[in-house]
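Chain C: place on chain A using the hints.
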Amino acid sequence: MAWNEPGGNRNDNDPWGSGGRRGGDQGPPDLDEALRKGLDKLNKLLGGKKGGGMSGGSGNGGSSSGFGAVLAILGILIVGYVVYQSFYTVDEQERAVVLRFGKYHTTENPGLRFKVPVIDNVTKVRVTNVRTAESQGQMLTQDENLVSVDLQVQYRVENARDYVLNVRDSNQALAFATDSALRHEVGSAGLDEVLTEGRAALAINVEQRLQNFLQSYGTGLQIVKVNVESTQPPSAVQEAFREVQRAKEDEQRLVEEAETYRNKVVPEARGRAQRMIEEANAYKEEVIEKANGETARFVQLLNVYQRSPSVTRDRMYLDTMQNVFANTSKVLVNTENSNNMMYLPLDRLVGQRSNTDSSSAASSSDVSGSNTDIDQLTDQVLDEIRLRSNNSSVRRGR
Amino acid sequence: MSPKAVLGLAGALIVVLIVSSSVYIIPETHRGVLLRFGELIETDIPAGLHFKVPVIDQVREFDVRVMTNDLPARQYLTIEKKPLDVDSYIAWRIQDVDQYYRATGGDELNAISLLSSRVDNGLRDEFGVRTMHEVVSGQRDELMEKLVTRIDETLIDELGVKVLDIRVKAIELPQSVSENVYRRMRTEREKLAQEFRSRGRELAEGIRADADRQRTVVLAEAYSKAETTRGEGDGEAASIYADAYQADEEFYRFYRSLTAYEKTFTNKDDIMVIDSNSDFMRYMENLQGTGANR
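In order, the protein sequences belong to chains A and C. FYI, the numbering for the first sequence is 2 to 399, going by my numbering. FYI, the numbering for the second sequence is 44 to 337, going by my numbering.
The shape of chain A in the complex, shown without the other chains (with noise of 0.2 Å):
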């Protein structure tokens, strides 16, 4: 487990890790030391001039006025020393925990401070800048599936006092709370919520459960944000998932590849039964008018025939036969049961006549030429007819 402890003052990190130079260790190490050789050289000079009364030295005998001079020199670094020692400064971003004789006694805020040599113990904490610890790997979740969660927890201290004096550890008591709250977060949920739309909820909820184990340790650390920074199902089973993806999208691309079809098909339908509706109004449009017109002209025709009914009537009569007769090959046969048509399986006949008959294309339909084959072919007519009735005079005509 990665912890991200920010640089800087190492205090903050183990401030009791130095229990035994406790008070010791607020001033640069090397002042003492500077101070001997300081000594050490103030010493060597004032020896050598010796005999030389200084202003330092008040009422000393010539052999012990070096030594009153040291002395006095010695006091004054000394107390030098001490009034050093007795300020510290607080940065913004930190807070200063005093304890006098031992006990707890302030929180200083930043600043310069000041504090009594010895009797009191400054912990600086730094609380503003926000720390981060991670917890990631593979959990059980509620059905009993395995996930890869990988989760950053952001976090301060909220109160240096408590930061200090009432947990050892607080960065361990934290990633070990942070591995706690998540792996029971996860373990009440289900696979699919922790993979995909219960991921925030699932850091909400880390973060609550984080935050109360904190606050009943006392430790002091307030969660910032807690992060869910990727859930993935097991590397071992991560391409069973990206086939269901897969899935997805092939059920997506026959929908749409349905819905394409019924773009097609229903507008066509609707375009095809506008035809049959438009075609049907043609043809009522064109119906009632034929009638009309047709109706217009016989009465136009009935007009006339009321004049001179039985003339009009016989124009008409012979104008058609005539037309009809004109345009046909014509059998006229007298029989007994007069005004009788009859119908006889010609067209038969015509079409062996016109296969022999091919050299003359044009003249086997000119019923007027003399030809032999329509002689033959009457004569065929009329033996049919006799068979059908026997009394019956026939004869030949064109």
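Errors might be hidden in some of the hints.
Here are the simulated DSS-like pairs of lysine-lysine, each with C-alpha atoms no more than 30 Å apart in a straight line [claimed, not checked]:
(1) LYS226(A) - LYS249(A)
(2) LYS205(C) - LYS104(A)
(3) LYS306(C) - LYS291(A)
(4) LYS95(C) - LYS116(A)
(5) LYS268(C) - LYS265(A)
(6) LYS234(C) - LYS249(A)
(7) LYS291(A) - LYS268(C)
(8) LYS189(C) - LYS124(C)
(9) LYS291(A) - LYS311(C)
(10) LYS125(C) - LYS234(C)
(11) LYS125(C) - LYS47(C)
(12) LYS104(A) - LYS116(A)
(13) LYS205(C) - LYS95(C)
(14) LYS234(C) - LYS124(C)
(15) LYS104(A) - LYS95(C)
(16) LYS189(C) - LYS205(C)
Rather than coming from a laboratory, the hints here were simulated on the basis of the structure. Source: prediction; values computed, not measured.
For chain C alone, coordinates are given in the frame of chain A:
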């Protein structure tokens, strides 16, 4: 310097030495006990400045802050005999300094190992009566609370230690079981994938069927409408004809027949067999036209 002064200085030094060795400070984070010839004569000494008899008295101080210790991962069986690798930690602190000193000699490692074996036993018992599901999801809090109370009762008396919390960091499946889980997870996913694809086909089929239905219905409706319209046309035309023709029905039949003849015989390939007695031929036989209509 006079010998007197030297003597004074030495005296002062001795006094300072005696005072300094008879004064001790217990910091806020610690509690102390005072031993005189190995006997506990002052217990539970709070933070602050205290005095003792030099040389004779000895002070032992103990860190009473909350400590968290990782307990070694162990394998436990659930009620259904499923093995689980459990990694836990314990949050504890020294509550009764005297008892703690008596029980452990002030040795923290010793204390932790005692704690650890108790927690181990407790966890084994608690896991043994629960299913894996209960352990993993539902009853973690409950399990831990029970364990803490049970262990705590004895520990205060015996070790002078207060257990604040026992938490499971990780409950993991042994490697062999993990393989089974992976297999199951894969199968589940395959099932799900199949479901998606099948549902896709189902939806697609539904959409196509709906489209086909719409097409059929639209066309049928159009057909129905078209036929109705045609019928209307036919009806109206018929009524127009009827209105016109009923003025002289006989003439109409005549007129209509003529039209029909004309339309029917249009091809020279048609052959007509005509009775010579027909009206058309009435003058064929004689001028009076009596042949046909005799």
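Right, here's what the structure says about each hint:
1. A distance of roughly 34 Å separates the Cα atoms of LYS226(A) and LYS249(A); the hinted pair therefore is violated under the 30 Å criterion.
2. A threshold of 30 Å between alpha carbons decides the hint, and for LYS205(C) with LYS104(A) the separation of about 23 Å falls inside it, so the pair holds.
3. About 16 Å separates the Cα atoms of LYS306(C) and LYS291(A), which keeps this hinted pair within 30 Å; it holds.
4. Only pairs whose Cα atoms come within 30 Å are accepted, and LYS95(C) paired with LYS116(A) is accepted, the gap being roughly 26 Å.
5. For a cut-off of 30 Å, the pair hint linking LYS268(C) to LYS265(A) stands: about 23 Å separates their Cα positions.
6. For the proposed pair LYS234(C) and LYS249(A), the alpha carbon gap of about 12 Å is at most 30 Å, so the pair holds.
7. Under the criterion of a C-alpha separation no larger than 30 Å, the hint pairing LYS291(A) with LYS268(C) is consistent with the structure, at around 22 Å.
8. Of the supplied pair hints, the one linking LYS189(C) and LYS124(C) holds, its CA atoms being roughly 21 Å apart against a limit of 30 Å.
9. Of the pairs offered as hints, the one joining LYS291(A) and LYS311(C) holds, with about 28 Å between alpha carbons and a cut-off of 30 Å not exceeded.
10. For the suggested pair LYS125(C) and LYS234(C), the alpha carbons sit about 26 Å apart, so the restraint of at most 30 Å is met.
11. With a CA separation close to 85 Å, the supplied pair LYS125(C) and LYS47(C) exceeds the 30 Å bound.
12. Distance restraint check for LYS104(A) and LYS116(A): the Cα-Cα separation of roughly 14 Å lies within the 30 Å cut-off, and the hinted pair is therefore satisfied.
13. Pair hint LYS205(C) plus LYS95(C) holds up; C-alpha atoms about 29 Å apart against a cutoff of 30 Å.
14. Distance restraint check for LYS234(C) and LYS124(C): the Cα-Cα separation of roughly 28 Å lies within the 30 Å cut-off, and the hinted pair is therefore satisfied.
15. Distance check on the hinted pair: LYS104(A) and LYS95(C) sit about 18 Å apart at the alpha-carbon level, within 30 Å; holds.
16. Distance hint between LYS189(C) and LYS205(C) is fulfilled; the C-alpha atoms sit about 15 Å from each other, no more than 30 Å.
In summary, the structure is inconsistent with hints 1, 11 from the numbered list given earlier, while agreeing with the others.
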